[in-house]
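Peer 1: Chains A and B, in that order, give the protein sequences.
Going by the working numbering, the final residue of the first sequence carries number 372, and the count climbs one at a time with no gaps.
Going by the working numbering, the final residue of the second sequence carries number 633, and the count climbs one at a time with no gaps.
Everything labelled a hint here was simulated from the structure, so no lab data went into it.
Backbone N, C-alpha and C fix where the C-beta goes; we use that ideal spot for every residue, glycine too.
You may find that some hints are simply not true.
[Stated by the list, open to error] DMTMM-like mimics (lysine to aspartate or glutamate), calculated; alpha carbons at most 20 Å apart, straight line:
hint : chain 1 : residue 1 : chain 2 : residue 2
1    : A       : LYS208    : B       : ASP565
2    : A       : LYS180    : B       : GLU485
3    : A       : LYS304    : B       : GLU613
4    : B       : LYS459    : A       : ASP365
5    : A       : LYS175    : B       : ASP565
6    : A       : LYS275    : B       : GLU613
7    : A       : LYS4      : B       : ASP461
8    : A       : LYS175    : B       : GLU613
9    : B       : LYS459    : A       : GLU361
10   : A       : LYS206    : B       : GLU572
11   : A       : LYS275    : A       : ASP365
[What the hints assert, rightly or not] Output of the computed footprint for chain A on chain B, the stretches with three or more beta carbons under 8 Å from beta carbons of chain A:
hint : region
12   : 424 to 430
13   : 437 to 447
[Claimed, not checked] Across the chosen pairs, the derived CB separations fall in these ranges:
hint : chain 1 : residue 1 : chain 2 : residue 2 : range
14   : B       : LYS505    : A       : VAL160    : 47 to 57 Å
15   : A       : SER172    : B       : SER515    : 46 to 56 Å
16   : A       : GLN129    : B       : TYR580    : 24 to 34 Å
17   : A       : ILE360    : B       : ASP604    : 12 to 22 Å
18   : B       : LEU396    : A       : CYS331    : 50 to 60 Å
19   : B       : PHE406    : A       : TYR366    : 43 to 53 Å
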Amino acid sequence: MFKKTFICYIEIFILVVAIFAFAYLIHDIDRKKGSAVERDFSIGKWITLGISGIAALMMGLLVFFFIIYNTEEVSANLASTPICCSKTNSGKWCEMDLPQNCDKNFPTYMSNCSEVNEGYCQKGCCQSQLDGICNPQTSNASCKDLGGEFFPGDSLCGGVSCRIGCCQLGGSDAKLTTEKQCRFLGNSQNPTIPTEWKPEITNQLKCKYSVQGATKGACIFENAKNRSCVYTTLDDCIARTGSETNFDVTGVFCSDPSLNTTCKAHAHKGCVENKDDVFWFDSCENPEDVAKDCDLFTGTYCGKDNLGAYICKDINCVINGKSRKNGESWCEYDNVIGKGKDPAGSRHIRHVCYFGTERIEPCADYRNQICV
Amino acid sequence: MGNKRGMIGWNSRGQVTIFIIFALIIVVIIAIIFLLKLKTNVVMQIINENNPQGSIETCTKQAVEDALERITINGGDINPGFSVKYKNDDIVYICYSGEYYRPCAYQRPLLVEHIQRELVNDITPKIEDCFQKLKMKIGESSSVTDSPGIKVFVNLFPKHIGIKIEKNFRIERGDSSVSFDKFNIVMLHPIYDFADIAMEVGNQQAKYCYFDSLGYMILNPSFNIEETITADNDKIYVVTERATNYKYQFAARSCPLPPGY
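Work out the full structure, taking the sequences as your base and the hints as a guide.
Peer 2: Shown next, in the form of structure tokens:
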């Protein structure tokens, strides 16, 4: 890396210096032409100047080719085409690389690694022992090298341990995971938060909206000078303060006067991650009640206006005077399409309205993808 | 006539002077840029002998941030293996198919474990260096004994990273002494979530040759996914966490179609 940087700076330096060197050379000739010395400027001097110029050019070319020859790109081009290495010298398994980069102690294949299904590159399903995520079409060696469990006959991960279900985390968040991943997510966030895995729910949308917010309340704690508060669940309160006596079961906000905390109600508005609505926040940065009721599926979401105020932002789009819903997509064509009438070199383009902005997604070259 | 010649001579000398001045200015500017760049590359390590844990934490975080920057650009590798060149970055394929119409095979399975390993390999020598610097700094006023070698563990979790360093480190000053054997550091970073999304994309591409990024984003608005298809059927994904603007990019190539299909 440093070598490349060094070469780059040297090249820039030569370029800059060359500009002035050549300018000076031309100027020198020009000066001699315009002065009295012009009469004495014999053929011999012209030859000397020409030889000097050619020598300088040769030197420049020599340096240029020396630098080019020593860069890695050229040496890469000189080598042969990549093959499938069971193991590369850098320790990667079943990866395409140049023959000289393959570990000589392991077999190599002339075909693409994605098509090799034997030995170290036998394909199957790989499940992580850490977080339970399953990866289909994985090579035996790369899975085992990272401590995964390998299932050779099940390349698409249809086995029981990779079955997907709805993981409900603490009653407030949910996503589709394997049973093992659900346990991992529960433990990594807060071990005291109850986690439930429901294999009967396999639809992403149903899963996401299957959870209701867990009962939250004011969790009060005192530090050196004041009586502060966090609005959270009972389990989280116990984890934070070590006692359930600090949790207010009545469900009032931290700013409630009866709790006598330093938090002041409705200090400002803001957004809460993964929530549609605009919320009030108290002065201790706890979200309180809903300030503005937004709805993702009707086209509004918490956001800021041009002045920085939090509003239910319209996430639908108006494109060329036409209204488009959030998530709506439409096609654009270069010319007439279908029945062999697509002009040569034309491409289909998909437009999407997403969160109030238009996204343009060109389909693949050669009309390998079409927009319908 | 004589005056004209004199003027020409003066003009030529003036031109030469201007050329030289410009050349010098440009060379000086380049030198300054070069020096500034070198200076910013130097890992700023705040070593404070009165706060060894804080010093190690700052130094480790710097090393992890540097490693994460490369990992997120390269798609999971510190030094990219089999990759595609895109906008001057070498982006590793999470899933690759070299044959037309065929679904891809995983190139970076268990991405979470893979990134953990990459991080450990990259940061361990840098953390050793942090300890050496700390030892030298403290050694000026106190006596320091430490165990040879170091053990570094990196664990990725949703939205954060846990780093555990095991090393015996004892500082003696006069009659008092302080010992450390474990350093626990927590950093906020969505690298686990990025790896999770990358594997979701890889799984869908390996099974169905398609990933619906729009559908994923509508259900998970915290992340933005940009998908670009190149002429060679490579799909480049750039995932951005909206709240922090952290980015992660990776590539996939599944069920490629021949030109003119």
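Peer 1: For LYS304 of chain A and GLU613 of chain B, compute the direct alpha-carbon distance and say whether it is at most 20 Å.
Peer 2: holds (17 Å)
Peer 1: With the threshold set at 20 Å, check whether the alpha-carbon distance from LYS459 of chain B to GLU361 of chain A stays at or below it.
Peer 2: With Cα atoms ~18 Å apart, LYS459 of chain B and GLU361 of chain A stay inside 20 Å; holds.
Peer 1: Would you check the hint for LYS4 of chain A and ASP461 of chain B, treating anything up to 20 Å between C-alpha atoms as holding?
Peer 2: holds (15 Å)
Peer 1: Looking only at beta-carbon atoms, does the pair LYS505 of chain B, VAL160 of chain A fall within the given range of 47 to 57 Å?
Peer 2: Holds: the Cβ-Cβ distance is about 52 Å, inside 47 to 57 Å.
Peer 1: Given the hinted pair LYS206 of chain A and GLU572 of chain B, is their Cα-Cα distance within 20 Å?
Peer 2: holds (19 Å)
Peer 1: Does the Cβ-Cβ separation between GLN129 of chain A and TYR580 of chain B fall within 24 to 34 Å?
Peer 2: holds (26 Å)
Peer 1: Kindly confirm whether 50 to 60 Å is satisfied by the beta carbon distance between LEU396 of chain B and CYS331 of chain A.
Peer 2: Since the Cβ atoms of LEU396 of chain B and CYS331 of chain A sit about 59 Å apart, the hinted range of 50 to 60 Å holds.
Peer 1: Quickly compare the C-alpha distance for LYS275 of chain A and GLU613 of chain B to 20 Å and report which way the hint goes.
Peer 2: holds (16 Å)
Peer 1: When you take the CB atoms of SER172 of chain A and SER515 of chain B, is the distance between them in 46 to 56 Å?
Peer 2: 52 Å Cβ-Cβ, so the 46 to 56 Å window holds.
Peer 1: Need the status of pair LYS208 of chain A, ASP565 of chain B: alpha-carbon distance at most 20 Å?
Peer 2: holds (17 Å)
Peer 1: Is it true that ILE360 of chain A and ASP604 of chain B lie within 12 to 22 Å of each other by Cβ?
Peer 2: Between ILE360 of chain A and ASP604 of chain B, where Cβ atoms are some 20 Å apart, the hint holds.
Peer 1: Are LYS180 of chain A and GLU485 of chain B close enough, with their CA atoms no more than 20 Å apart?
Peer 2: Within the cut-off at roughly 15 Å; holds.
Hints 11, 12, 13 from the list above are not met by this structure, while the remaining hints are.
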